[in-house]
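Trainee: Sequence:
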Amino acid sequence: MTPPVDICDRAFQFAVRRVKLCSFLNKKSGGAREISKQLIRSGTSVGANVEESRAAQSTADFVHKLEIALKEARETRYWLKLIIATAIVPERRLLSLLNEVNELMNIIAAIIIKSKANRKKPF
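Whatever position you read off the sequence shown (first residue = 1), add 586 for my numbering.
Source of the hints: derived by calculation from the structure; they are not laboratory data.
There's no promise every hint is true.
What the hints assert, rightly or not - Dumping the calculated DSSO-like pairs for lysine-lysine here, alpha-carbon to alpha-carbon at most 30 Å:
{"hint": "1", "residue 1": "K657", "residue 2": "K706"}
{"hint": "2", "residue 1": "K613", "residue 2": "K623"}
{"hint": "3", "residue 1": "K657", "residue 2": "K613"}
{"hint": "4", "residue 1": "K613", "residue 2": "K667"}
{"hint": "5", "residue 1": "K657", "residue 2": "K614"}
Claimed, not checked - Estimated spans, in silico, between C-beta atoms of each pair:
{"hint": "6", "residue 1": "K614", "residue 2": "N688", "range": "21 to 27 Å"}
{"hint": "7", "residue 1": "A646", "residue 2": "P676", "range": "40 to 46 Å"}
{"hint": "8", "residue 1": "S615", "residue 2": "I699", "range": "41 to 47 Å"}
Just so you know, these numbers come straight off a predicted model, no measurement behind them.
For glycine and all other residues, C-beta sits at the position ideal for the given N, C-alpha and C.
Given these sequences and hints, build the entire structure.
Mentor: This is how it looks when you write it as structure tokens:
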């Protein structure tokens with residue numbers, strides 16, 4: 587099994603946007619830098635795990651890697667919401683990122699569900 591190429595590209599572009607946001611956050615003081623460290627890890631991990639799933643050794647391995655990507659996407663969403671709640675960056679500037687992480691989560695979850703269902707079908 588391999589994920590659709592579109593999800594790989596979208597996850598990569600999402601990571602690119604995370605890196606740019608984190609570069610901006612690093613110019614700020616205090617808590618913004620600490621949040622940036624967490625956001626860079628989780629935000630880039632989504633795409634890395636989706637990419638790793640392309641070379642999965644089994645359906646179980648494929649699903650596992652995508653489940654990690656989903657967890658990282660959830661964590662990324664948390665950090666984005668925290669940035670908004672603490673007014674480090676105005677909400678209007680992060681809405682497209684929040685929408686994208688939600689869409690990525692929905693797509694990844696759907697792939698996981700479909701993969702699990704296909705794995706249970708008898709041959």
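Trainee: State for each hint whether it applies.
Mentor: Right, here's what the structure says about each hint:
no., hint, verdict
1, K657 / K706, "23 Å, holds"
2, K613 / K623, "13 Å, holds"
3, K657 / K613, "28 Å, holds"
4, K613 / K667, "19 Å, holds"
5, K657 / K614, "27 Å, holds"
6, K614 / N688: 21 to 27 Å, "25 Å, holds"
7, A646 / P676: 40 to 46 Å, "43 Å, holds"
8, S615 / I699: 41 to 47 Å, "43 Å, holds"
Every hint from the earlier list agrees with this structure, and none is contradicted.
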